[in-house]
Amino acid sequence: MGMIEEVVTIELPVGENFRIQRCRYTSINEKPTKRISVVSGIHGDELEGQYVCFLLGQWLREHPEAIMGTIDIYPAINSLGIDSITRSVPFYDVDLNRTFPGSKNDFLPAQIADGVVNAMRGSDFAIDIHSSNIFLREIPQVRIAKAQEDVLVPLANLLNIDFVWVHDAVTVLESTFAHAMNTIGTKTLVVEMGVGMRLGKAYGHQLLDGLLNLMAHEGILDIEPLAVRFPIQSNVGEVAYLNATCPGLFVPVIEHCQVIEKGSLVGHIVSALSGEVLDEVIAPITGILFTIRAYPIVYEGSLLGRIFGEKQ
Amino acid sequence: MKRFDIVTLESPNRAPLRIEGFLFGEENTTGPSVAIVGAMSGDHINQLYVASGLVEYLRTKEEEGLIIGRILVIPAVNPYALNMGEKNWPLDKTDLNMMFPGYAQGETTQRIASRLFGELKGYDYGIILEGRRDQGMCLPYVKLMQSGYEDLECTKDLGLGFIHYRPHDPVETAMLQYNWQLWETKAFSIVFGKNGAIDQSTSNEVHTAIVRFLSKREMLNIPVFEGRKSNIVDPNRITLVKASRAGILISKVQCGTHIQKGAVLGKIIDALSGERLEKMISPCEGIVTCQYAHPLIFQNSIVFRIASVELCCQIDTKK
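Here the protein sequences line up with chains G and A, keeping their order.
Going from the first sequence to my numbering is simple: count from 1 and add 110.
Going from the second sequence to my numbering is simple: count from 1 and add 259.
Everything labelled a hint here was simulated from the structure, so no lab data went into it.
Mixed in with the good hints there might be a few duds.
[Stated by the list, open to error] Among chain A residues calculated to face chain G with C-beta under 7 Å, some are: (1) S270; (2) A274; (3) T367; (4) D393; (5) L499; (6) G506; (7) A530; (8) Q558.
[Claimed, not checked] Think about it this way: if two alpha-carbon atoms lie no more than 30 Å apart in a straight line, the pair counts; the simulated DSBU-like pairs of lysine-lysine are: (9) K311/G <-> K475/A; (10) K214/G <-> K526/A; (11) K475/A <-> K501/A; (12) K214/G <-> K261/A; (13) K538/A <-> K261/A.
Model, not experiment: these values are computed from the prediction.
Ideal Cβ positions, reconstructed from N, Cα and C, are used throughout, including at glycine.
I would like the entire structure built from these sequences, with the hints used as guidance.
Shown next as structure tokens:
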């Protein structure tokens, strides 16, 4: 049985407190080994992580004897947002994942960020689970900044995900939770999977196996490592982006992420008004379509998909 | 005056997006040039108002033959958001002022930023009219990031009371000011007002400051009164007065008020019981430069920012 604690509490104006709760599971008999934080809901419209938190909590309740370390589960960081289908911090309309490490002396989102960092300070690992957003559907993947490749890729390979994407450092990402935690010595992985405002059970179970495997490898759980899939590594290929060439309604001909041949049809952009097909969306390379658009209204430039394939 | 579309973008169902520019001055002038960017968010109404007021003012001055430089004004960068009470790009909620320098092959707002930035490059000066990024209201001040390419001297010609001069945050590297500076435009922001509202007095002050700048920098051939001698401040040294409790905020002072140490600034009352929860007292003598502007206040929110001479003017301005 985990211990539920409020780790961040900020009074709201009218008879309520903003709160972040965690459920902590810790070794019954042994001095805890390492500590891991499993985090979801930094964006209030991303719910896949909530299901993973449930599955992990359920597993830990059934296997308390296996717990050797400290496992903290934070299902809802932006708790106001999650309970109101709001991606950003309500009232302020600010992306919480652009306000880290935050500050006690700043506005509410920065105070929340500061509270989150302090609650998790000292964790050896953090797994930050995102669901893309309402526009895109993603296969389970971990994204890692180039500077942290050596430390984090071996860890990501344990997570039973499909793809590890190492990307160039972008300065703006220095204001993310993951960057803030990595900076203070917590090895933090960002998982993207599924689509915003929805819940995919299969992905949830897939990541649960990955979390258990990672914790087994790190001695946080006293279980045998699981047989997990080895993810595709982004350094062996390249990512091609599919952006809409015109506005309209995107109608995919592919329902799920899959391997796709160069020149094959991904979908159409159509006009609901005139009945015309405005554009055919064609795969520019052969590879795995690891991102596909889930929300059909598009403008010029809207991202329709991403394909990972061999370097051209 | 030349009125033209800087960016147009077709929409699936709405009328096309048009970002309009108003250009003043002779095409081949050798005089200095400035681009003034108004509302980038849908709640920057004050910024829209000041920019459109400048268009009307400059139109009359051009008819009188008084424009000697080249002046571009873009009152509204995000009319789609302004027209529906949204703050950001209405479809994906991205902040246009976090998309610079843009990417021509990227997402929609990256493309808009790229096309806009293509038009803005090459101007000698760049003025960004900014709203606040929180629930506050403030005295007009210059926000100047230290990118390594900034020009502090030119901002003094506005004659505003305060210049916030500070290093940039990581998140600000995606903003217009930072990128404009990197492309060798002497860019700075004027932050003022309260989002979603028009404050006439503040708007007049900003309008006057920009006219003064245009005159002093030889783009507008008119005499102007001198402004204030600007105080260059380190915003990290401004004294913060925070709310220890949440509730209804009753402020007793205005932005710009010179207050003494121990003066009553306001109070917070319980939103349900009406009980007074906190009486806010100034910890120092100084000028209230900014205050929280929503009647409901959160615990730990910054209620007042007070600039005091002793603290906030300790800054190295050698450039």
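Measuring from the C-beta of D393/A to each C-beta in chain G, is the shortest one below 7 Å? Holds, about 5 Å.
Holds or violated: K214/G to K261/A, with C-alpha atoms at most 30 Å apart: 48 Å, violated
For K214/G and K526/A, compute the direct alpha-carbon distance and say whether it is at most 30 Å. Satisfied, since the Cα-Cα distance of roughly 21 Å is no more than 30 Å.
Status of the hint placing T367/A at chain G (closest C-beta pair under 7 Å): 4 Å, holds
Are the Cα positions of K538/A and K261/A separated by 30 Å at most? At roughly 54 Å apart (the allowed maximum being 30 Å), K261/A and K538/A break the hint.
Holds or violated: the hint that A274/A contacts chain G, with Cβ atoms closer than 7 Å. 12 Å, violated
Given G506/A as an interface hint, is the shortest Cβ-Cβ distance to chain G below 7 Å? G506/A check passes; min Cβ-Cβ to chain G is 6 Å, inside 7 Å.
Given a cut of 7 Å on the nearest C-beta pair, is the interface hint for Q558/A held or broken against chain G? 4 Å, holds
Does S270/A pass the interface hint, meaning its C-beta sits closer than 7 Å to a C-beta of chain G? Cβ of S270/A sits 6 Å from chain G, so the hint holds.
Report holds or violated for the interface hint on A530/A, using the least CB-CB distance to chain G and a cut-off of 7 Å. 4 Å, holds
Holds or violated: K475/A with K501/A, Cα cutoff 30 Å? 39 Å, violated
Is K311/G within 30 Å of K475/A, Cα to Cα? Distance of about 65 Å is beyond 30 Å: violated.
Checked against the numbered hints above, the structure violates hints 2, 9, 11, 12 and 13; every other hint is satisfied.
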